[in-house]
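K.L.:
Residues per chain are reported as follows:
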Amino acid sequence: MPGESATAQTSSGERMPGESGAWVFFLADMTVFALFFHVFLYYRADDPALFAASQDRLNPHLGAANTLLLLTSSWCVVVGMRAAARLDASVSVRWLVGGLACGVGFCAVKIYEYADKIGQGLTPRTNEFFTYYFVFTGVHFLHVLIGCGVLLWMISQARRLADGRRNLSHMETGACFWHMVDLLWIVLFPLIYLCP
Amino acid sequence: MNAATVWVTLMLATLFSWWLGTGHAPGDGTSPALARTVILAVAFFKLWLILRYFMHVRQAPRGLRRCCDGWVVIAGGSVLAAALWS
Chain S
175 MPGESATAQT SSGERMPGES GAWVFFLADM TVFALFFHVF LYYRADDPAL
225 FAASQDRLNP HLGAANTLLL LTSSWCVVVG MRAAARLDAS VSVRWLVGGL
275 ACGVGFCAVK IYEYADKIGQ GLTPRTNEFF TYYFVFTGVH FLHVLIGCGV
325 LLWMISQARR LADGRRNLSH METGACFWHM VDLLWIVLFP LIYLCP
Chain L
37 MNAATVWVTL MLATLFSWWL GTGHAPGDGT SPALARTVIL AVAFFKLWLI
87 LRYFMHVRQA PRGLRRCCDG WVVIAGGSVL AAALWS
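Chains S and L, in that order, give the protein sequences. Heads up: the first sequence at position 144 corresponds to 318 in the working numbering, and the numbers run straight through without jumps. Heads up: the second sequence at position 27 corresponds to 63 in the working numbering, and the numbers run straight through without jumps.
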């Protein structure tokens with residue numbers, strides 16, 4: 175079934191996606207980012223003219239391209255995990271590599287963007303907007319780098335499926351981490367780049 | 037809704053937000069607070085779709101479903117309120 179979870183189903187038809195302990199971390203991390211969103215909106219209300227003028231220095235097209243890359247990456251990981259649940263190693267690896275390629279694409283765009291801003295003399299010390307821009311997107315970028323490492327590990331695990339060695343619960347935890355990285359950007363992008 | 041349908045919905049919603057946020061709000065009189073709130077509402081809808089369909093929360097035990105839905109309502113509701121009144 176499309177979108178089906180890779181881990182075992184209980185008698186009630188419910189499934190825990192990945193390991194339950196990891197969800198404590200996911201929800202805590204998401205809550206930290208929710209506080210970031212509030213901090214940004216709070217200080218934005220203090221000086222809307224500065225935030226609007228600074229936002230105009232960002233390139234929303236690059237931000238949108240990165241959003242499309244992360245969404246596509248997440249979808250590739252969903253399809254790759256579905257193949258892993260069928261123990262179809264080659265298909266799983268192919269889709270997970272696709273997901274990783276999109277993640278690497280996100281990193282390339284972000285590095286270009288940071289270099290472009292710093293080249294224009296825009297740094298975390300320029301003003302309050304750019305402090306939050308660099309700190310919040312930087313913390314997210316760190317998540318993406320960790321997520322790329324997680325995807326590499328998942329690819330190595332998917333290769334082992336051909337030998338009959340399964341690690342689906344851990345793999346699904348990794349997939350959930352990658353989706354969480356995606357959903358954090360889903361709010362960060364419009365908040366920083368688009369909101370008038 | 038299958039994963040491909042969710043992905044297409046997420047991509048289209050992103051393009052809509054990008055269009056709205058790059059100066060294409062309908063009419064000159066559109067309030068920035070309203071445009072801001074709509075853009076963020078779309079973002080939290082996308083976030084909910086990812087939780088539900090990509091992270092498989094819709095099939096999760098009730099406790100996790102409630103935690104995630106509660107997070108979306110509290111975080112999303114408070115951010116939208118802050119965006120509307122800021």
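The set of hints was computed from the structure by calculation and includes no laboratory data. Be aware that a few hints might be false.
Just a sample of chain S residues kept apart from chain L, beta carbon distances all over 10 Å, derived [as the list claims (entries may be wrong)]:
(1) Gly279
(2) Phe315
(3) His317
(4) Cys350
Under 8 Å between C-beta atoms, here's a sample of chain L residues computed to sit facing chain S [as the list claims (entries may be wrong)]:
(5) Leu48
(6) Phe52
(7) Trp54
(8) Arg72
(9) Ile75
(10) Leu76
(11) Phe80
(12) Lys82
(13) His92
(14) Ala96
(15) Val109
(16) Gly113
Per the computed footprint, the stretches of chain S lying under chain L, defined by three or more beta-carbons under 8 Å from a beta-carbon of chain L, are [claimed, not checked]:
(17) 245-256
(18) 355-361
Cβ coordinates follow ideal geometry from the N, Cα and C atoms, glycine included.
K.L.:
Flag every earlier hint the structure violates by its number, smallest first.
P.N.:
4, 5, 6, 15, 16
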